[in-house]
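Here is what each chain is made of, one letter per residue.
Number of protein chains: 2
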Amino acid sequence: MSTYTAINLAKRPYGAAIGPELFEVVHLPIPTPGAGELLIKHTHMSLDPAMLGWMSPATDSYIPPVDLGSVMRSSGFGVVVESNHPDFAVGDQVQGMFGWQERVLSNGTGLTKIDATLSAELVLSVLALPGLTATQGLYRIGQPKAGETLVVSGAAGSVGSIVGQLAKAEGLRVIGVAGGAEKCAWLIDELGFDGAIDYKAGNLNDQLEALTPDGIDIYFENTGGEIQNLVFARMNAHGRIVVCGHIADYLTATPAPGPNWMNIIKKRLTIKGFTMPDHFQDAPALLGLLMPHLMAGKIQYRSHVLDGLESAMTGLNLFFSGANEGKLIVRL
Amino acid sequence: MSTYTAINLAKRPYGAAIGPELFEVVHLPIPTPGAGELLIKHTHMSLDPAMLGWMSPATDSYIPPVDLGSVMRSSGFGVVVESNHPDFAVGDQVQGMFGWQERVLSNGTGLTKIDATLSAELVLSVLALPGLTATQGLYRIGQPKAGETLVVSGAAGSVGSIVGQLAKAEGLRVIGVAGGAEKCAWLIDELGFDGAIDYKAGNLNDQLEALTPDGIDIYFENTGGEIQNLVFARMNAHGRIVVCGHIADYLTATPAPGPNWMNIIKKRLTIKGFTMPDHFQDAPALLGLLMPHLMAGKIQYRSHVLDGLESAMTGLNLFFSGANEGKLIVRL
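Just so you know, the protein sequences line up as chains B and R, in that order.
Heads up: the first sequence begins at 1 in my numbering, then just goes up one per residue.
Heads up: the second sequence begins at 1001 in my numbering, then just goes up one per residue.
Watch out, some of these pointers could steer you wrong.
Straight-line C-alpha distance at most 30 Å; calculated DSS-like pairs for lysine-lysine [what the hints assert, rightly or not]:
#1 B/Lys266 with R/Lys1168
#2 R/Lys1168 with R/Lys1266
#3 R/Lys1266 with B/Lys266
Note that these hints are calculated values from the structure, not bench results.
Please put together the full structure from these sequences, using the hints given.
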């Protein structure tokens, strides 16, 4: 009997790095689809910072954590290898919440069929969660206007890089915050950002002041950390802050305090958090905003591909060290 | 020649109490209105927490500070005593930004005529800045819905007391935060709040938990301080935070940090600051929301009246000690 590999969550992380000790690798017989079912060969698995929240102890957050002993949650891309389902044929490309496993038995619920001309990297790096998230946050909350200044943290990440490129396409001045000279060079030289701040290089406020002479109208927050306070202090009147991620604090026992709120009054700021599960029904409208820019060649991306399901267990740490270069994808 | 008294700002406060040493009291000849001008006898002057900002060194805030040597800024109520202006007759009641002075020479700009049946206390305590501010913040930002829970800090203040009563009229559960047993009793017994938290009594979180068993949907912030963090942690998904005032930090050199932003994402919160000068053109619409509740007897108020212009110089400290009982008004 043929088998496939799956990885279950075995323990929850408590302020420590993510590693194999938190997981259980299991080998299971490949199932045979019944009536109305299909079998998917999972080929590309997305790794996302949100996974840290899904692994962590239950809070009253927007989505429940993964149960211990259950397959770890993830979104992925695959191909139909057997089908008894009228809507899916063998060879169809599909996307969905597949989890950390090489095969997925499905009744079709939650599956999205993907046109054969679109690559797994493009789908997972742009058209799925990263692009939807960037578009929802930038347009619906950020309300970008040509001539304004936008700062985005986590700018070399999958969401941040799309936010910045969309804002450039809309005529804004765009400054990215990223870790390391290579990422900063990529933002400026390849993506066309107006400037980049290396948060590992020190003198953050000097860098920020020099690059935002007219203040900041929109801050797209992916990280938290020191830059948050500095950007907050430079917000212009009626500025908008999109709170999308806060990776600096995802694994800390005592999260850092935020800025004092007086500036919210003085500058009449709007600060708004969001998570995509509230907005999945808007995906067609969001893609309608994103696709023209993608088709015009204005949205570049890069994928950081790891090989083999088991690489996911340590791969998540790349988010915290900032060592990933582009969208993290595990090729199965 | 008859004279009147005016008070100029002479020094800026730096983290200290407000007192006569910051002001210069002057006596000036009463002017005679020229063509198109009128003379107002200023009878009731409003004292507001915002005055602290107006006295403080220039920041890039929403309104410039008062120049040293100029009459201190304030809104007030008065009666026309001489007029060469076609729109104003002797005996008319008027309201405007009169400043700390007993007489005001005006060309009519910025003046609002007040119906003779309305008292100065009602106008300054409800229909002017306090009511407009409460209505703008609660309805336009707070988006109240029957059955939700609202917490308001500075609840016994002029804005907070109206916010709470409007929210009660809209069918919300309303909890006020105020200083001292007398104010808390007033909120519950006279204004009909569902509960009150005495921030001077300690055990703030125990009080808050007991009074908000279903969490908090709207927080109307007038004060900052410890309660901010506690309320923030109990916000429900899609909660709204209206940031109207932050009196705990107006005179501090090093304002207290705010809460960590992760909860903004987890709960998809909206936090929005505002100041009324952005919205004065909406006054008719705001009064349209406020007046039905006032006419139905659902908006009570109390005024804390000081006597004589010079009482303003120390009266401002009542905001910081929380010793004012109702809207602070100086009767001239």
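So, going through the hints one by one against the coordinates:
Taken as a hint, the B/Lys266 and R/Lys1168 pair is honoured in the structure, with Cα atoms around 29 Å apart against an allowance of 30 Å. Proximity of R/Lys1168 to R/Lys1266 is assessed by CA-CA distance (about 28 Å); at most 30 Å being required, the pair is judged to hold. Note on R/Lys1266 and B/Lys266: the hinted pairing holds, with a Cα-Cα distance of about 26 Å set against a maximum of 30 Å.
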